[in-house]
Amino acid sequence: MSATVVLRHNKVELALHRLRDGEGRPLLHLHGLGERSPDRVPEHLEPWPGPVWALDFTGHGESTVPTGGGYYCELLMADVDAALAHLGPSTVYGRGLGAYVALLVAGARPDLVRGAILDDGPGLHGGGPEPSGVFVLPTPLPVTGPPDPYALLELGRDVRPPDYAATYARQAATLSGLDTAVVVVAVARPPWLEAVAGEPGVRVVPRAVCTEPFAAA
Amino acid sequence: MTEAVPDATEVVTYPGARPPDRRRTVVSHGVRLAVHEWGDAGAPPVVLVHGGFDFARTFDVFAPMLADAGWRVVAWDQRGHGDSDHAAMYSWEADLRDALAVIDSTTTEPVPVVGHSKGGSLMTQFAASLPHRVKALVNLDGMPHDRPMPDVPDRERTKLLAEELAGWLDFRRSTATRSRRPDTLDGLAKRRAVLNPRLPLDWLRYLVGVGARRDSDGWRWKIDPSLRLGGFGPWRPQWAMARLPSVSAPFLGVLGLQPETLGWGTPPEAVEPWLPPGGRLVVYEDLGHFVHIEDPERIASLTLEFLDAVR
Chain L
1 MSATVVLRHN KVELALHRLR DGEGRPLLHL HGLGERSPDR VPEHLEPWPG PVWALDFTGH
61 GESTVPTGGG YYCELLMADV DAALAHLGPS TVYGRGLGAY VALLVAGARP DLVRGAILDD
121 GPGLHGGGPE PSGVFVLPTP LPVTGPPDPY ALLELGRDVR PPDYAATYAR QAATLSGLDT
181 AVVVVAVARP PWLEAVAGEP GVRVVPRAVC TEPFAAA
Chain H
1001 MTEAVPDATE VVTYPGARPP DRRRTVVSHG VRLAVHEWGD AGAPPVVLVH GGFDFARTFD
1061 VFAPMLADAG WRVVAWDQRG HGDSDHAAMY SWEADLRDAL AVIDSTTTEP VPVVGHSKGG
1121 SLMTQFAASL PHRVKALVNL DGMPHDRPMP DVPDRERTKL LAEELAGWLD FRRSTATRSR
1181 RPDTLDGLAK RRAVLNPRLP LDWLRYLVGV GARRDSDGWR WKIDPSLRLG GFGPWRPQWA
1241 MARLPSVSAP FLGVLGLQPE TLGWGTPPEA VEPWLPPGGR LVVYEDLGHF VHIEDPERIA
1301 SLTLEFLDAV R
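These protein sequence lines map, in sequence, to chains L and H.
The opening position of the first sequence corresponds to residue 1 in my numbering, with each subsequent residue numbered one higher.
The opening position of the second sequence corresponds to residue 1001 in my numbering, with each subsequent residue numbered one higher.
None of these hints come from the bench; they were simulated from the model.
Take these hints with a grain of salt, some might be off.
Unchecked claim - Partner residues are not named here, just some residues of chain H that face chain L (Cβ under 10 Å, in silico): (1) 1031; (2) 1086; (3) 1178; (4) 1236; (5) 1239.
Here a beta-carbon is modelled for each residue, glycine too, at the ideal position from N, C-alpha and C.
Work out the full structure, taking the sequences as your base and the hints as a guide.
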């Protein structure tokens, strides 16, 4: 069964999909760059005991494709915060870009994010640890989205310094009160994720059992 | 696209302030930008770029001085600012694309640019990225440097950052329904004076007249209420400074050393090692961040002397 709630973040309408009903704390699924929410609960998230929801980021899926670009990951963090305002305390699972955003929101809302699971997916790398040498002002493809080509362009280039990412992991670990605040499933390890994996309160877990550390809490 | 500027819009006057002679609209990636021009339309162009939370008409005294010296002065309101569209999102990259759209609409030849604060930093990156489009670059107190972090324990720093992030997210939650607080014209000017303590109140009243609109319940700044001062993110000031040596156009940097909330407080020794070959740095001990507003004559004459060499 599936139902969609429309949330508002500034001038954008966000689609929040209920993939599965249930009792207890929700699991919130965040898709990768250029993706959209899945139609049903992915197999490796099946063991989650509670309800499962999935958010379409700005410019993706059924959410608004805004005019003129201007994307950065902290804005998507605020997309997720709008979903958390609706769902209450949740465990957040993210793929690729969604993994990075899940980390950000886990650090920024340690009271609302009860564990973040970081998995492989499109947009995991971003633009690397510092800006590329020459800025060439590329023009995105014509807008035919979703996904919004400005999102593909800008979120594919956003800078992710390892120490910046580690700060969010540290905040999640120290302020959430959870023994394990972040779980790393991703096999690929861009510099930001390598730094996060080495922080206290972060565990590396196989995908098949990735929800376990947070299911009982 | 050029329209005459209606005469009756000026509710407040200020000595030397002159509204633009022409106004046009440029559509950048779907966002409509208000472009203002002073001076002879056939004169060689120079592009002025305002700082964050400002708007093109903060150049109402400085721009006419350049126009009267024989330049076609072009300035635009950045997205969300002044009379330009409020966009769904704002970013440095989007502002750079908008800058290119405005310059494309002005000339295909290399053009001199003058940027203040964020506008200076933005155009430094623009000049280092598209050297064939910039003939000369004047950066007015827009050279951010790396300031040492306050000396607080890690645990305390984590808490401070967490509070900043939560505050920003709370603000984002409010943006769907947010509007700017209305006030009287004097009230808005006095609120601005808190951020601009070195600028005359009469000037700030003038800015309200051109940068705010009168609603039935009072005056409101035109700027998008979803924009907020300050911020956080992965950006490092040294990334901006590292682009400076790549600038190939003749470069003039200006620093106002009087400390201000809105400035970066950059000392000359933080800029000098990064100056591009032949670049010049001029330092004013007695001016704050808004050098061209505090002393338009001095900054205009310095700018004109520099621009004359590339004319």
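Comparing the hints with the structure gives:
Look at residue 1031(H): its Cβ gets to within about 4 Å of chain L, closer than 10 Å, so that hint holds up. For residue 1086(H), the shortest C-beta to C-beta distance to chain L is roughly 8 Å, which falls under 10 Å, so the interface hint holds. Residue-level restraint check for residue 1178(H) holds (minimum Cβ-Cβ distance to chain L is 9 Å; threshold 10 Å). A hinted interface residue such as residue 1236(H) counts as satisfied when its beta carbon comes closer than 10 Å to some beta carbon of chain L; here the least separation is about 7 Å, so the hint holds.
Given the 10 Å rule on beta carbons, the hint for residue 1239(H) holds: about 6 Å separates it from the nearest Cβ of chain L.
The structure shown violates none of the earlier numbered hints.
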